[in-house]
Amino acid sequence: MRPQLKDIAWERVGDELRLVYDPRDQLVLSDPDGTVEKLLGLLGEGGRTVAELADELSLDVADVEGAVAAFDDVSLLEDGDRLGRLEPAAAERYLSNLAFFESFSTLGRSREDLQRRLRESHVLVLGTGGLNSNTIPHLAGLGVGKLTLLDRDTVDPRNFARQYLYRWDDIGARKVERAAEWVRAFDPAVEIEAIDADVEGPEQLHELVARTRPDVVASGIDRPNRIDLWVNEACVRNDVPFVRGGISVTTGTVWSVQPGVSACRACVPADPSNPSDFDDPDDPAIAGAIAATRLFVSKPQPNRGIGPVAGLLGAFGAFEVLRYLTGFEPPAYAGRPLSINFAHGCATSQDEWPRNPACPACGGR
Amino acid sequence: MASQPSLPGMRREVILVKIEIKRVENTRLTQLIHPDS
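Heads up: the protein sequence lines correspond to chains A and B, in order. Taking the working numbering, the leading residue of the first sequence gets 1, the next gets one more, and so forth. Taking the working numbering, the leading residue of the second sequence gets 366, the next gets one more, and so forth.
Among the hints, erroneous ones may be present.
As the list claims (entries may be wrong) - Calculated lysine-lysine pairs in the DSBU-like style (CA-CA distance at most 30 Å, straight line):
#1 B:Lys-383 x A:Lys-299
#2 A:Lys-6 x A:Lys-38
#3 B:Lys-387 x A:Lys-299
What the hints assert, rightly or not - If you anchor each label on the Cβ, the simulated ranges turn out as follows:
#4 A:Ser-298 x B:Arg-388: 15 to 25 Å
#5 B:Ile-384 x A:Ser-298: 53 to 63 Å
#6 A:Glu-200 x B:Ile-384: 40 to 50 Å
#7 B:Glu-378 x A:Pro-308: 44 to 54 Å
#8 A:Ala-287 x B:Ile-384: 40 to 50 Å
#9 A:Gln-204 x B:Ile-384: 11 to 21 Å
#10 B:Arg-388 x A:Pro-275: 16 to 26 Å
Calculated from the structure, these hints are not laboratory results. For clarity, every value in this text was computed on a predicted model and none was experimentally measured. Just so you know, even glycine gets a beta-carbon here, dropped at the ideal spot from N, CA and C.
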């Protein structure tokens, strides 16, 4: 390991050093005799082991180890041995990704490690309509190595409110084929499989997930009504996380399930319009909410996802997929649905689904 | 509000119905409602 300081500016202020990577989060270190500044200079040059740093500064190895650990705790360091492995063309292609990942890299995982995880990842994309036609470009741009796309529809004029993968000339064409073609044209390095099929039940989904072995499922199918429970069952059985997003009137929602860690979709009432799905349907607040939901679902609802709505939800979903694939931070919406209020400045809020020990899908494990 | 046509010789009658609307916010189950994608 050769600790390497990130691209960080510092200045001396009396006996202290002020370090800035992100201006909202400056770091102040005590350095009355200049030793820390010398160490920072050597770490900035990189290429030295801890023992070599200690030797050059005439310090104990343990002291330098402690300093390096302290710098790593505040994410100032990467391991030079874990950098410089990308081909120049790849480093150029992923320039902004790598710059983003630098903020989350440590001695144990470099920015290139995070990008490599994406290149080795596989996402199963269920549905290439409103939500996922906005997620797919983000996944391709991030450099996800393999995408398996599934859809059953043709391109229709009504899709053009929010589905920008498709062109007017595509009307009538199989949607999954056109989406796959878009990805191939965008970045030929992405391996792609297109499945032109309907989803018929949980067993079919289970077999699909078991066969394709994705790292994450991005679920953007909204019919039939039990589809979320089917995807949930298939993913929990296969121990594969999944991400789901959608819109109801003016509220957008994004949530994910991390099997074995978070609550799953079956831990909470499947049908919020059905009192028998609740333990406490007579609680006045719950009863009112159930009644409102029952009235709502009694009328046909058009898909109200305009372009900015689908774009935001697709981006939030892609961000959650990115968390699962790289681990740059923990999943943000696992069992904690994000709500976005499109009627009030896109204000966000989050709820928590309780884990249910009697859950038919995950058993609360 | 209902009104009868104002014809010659007829008394015009206007009935006003005062509507009071109470908004009951329901955010408890919204994330469970099957969303469109």
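Now the hints, each set against the structure:
Between the alpha carbons of Lys-383 (chain B) and Lys-299 (chain A) the distance comes to roughly 28 Å, so the proposed pair stays at or under 30 Å and holds. About 15 Å separates the Cα atoms of Lys-6 (chain A) and Lys-38 (chain A), which keeps this hinted pair within 30 Å; it holds. For the hint linking Lys-387 (chain B) to Lys-299 (chain A), the alpha-carbon distance of about 22 Å falls within 30 Å, and the restraint holds. Here the CB-CB span from Ser-298 (chain A) to Arg-388 (chain B) is close to 20 Å, well matched to the stated 15 to 25 Å.
In this structure, Ile-384 (chain B) and Ser-298 (chain A) break the distance hint of 53 to 63 Å, their C-beta atoms being roughly 23 Å apart. Separated by about 48 Å at the C-beta atoms, Glu-200 (chain A) and Ile-384 (chain B) satisfy the suggested range of 40 to 50 Å. The hinted window of 44 to 54 Å between Glu-378 (chain B) and Pro-308 (chain A) holds, with their beta carbons roughly 50 Å apart. For the pair Ala-287 (chain A) and Ile-384 (chain B), the supplied restraint of 40 to 50 Å is violated, since their beta-carbon distance comes to about 25 Å.
For Gln-204 (chain A) paired with Ile-384 (chain B), a C-beta distance near 51 Å fails the hint of 11 to 21 Å. Distance hint check: the CB atoms of Arg-388 (chain B) and Pro-275 (chain A) are about 23 Å apart, consistent with the given range 16 to 26 Å.
Violated hints for the displayed structure, listed by number in ascending order: 5, 8 and 9.
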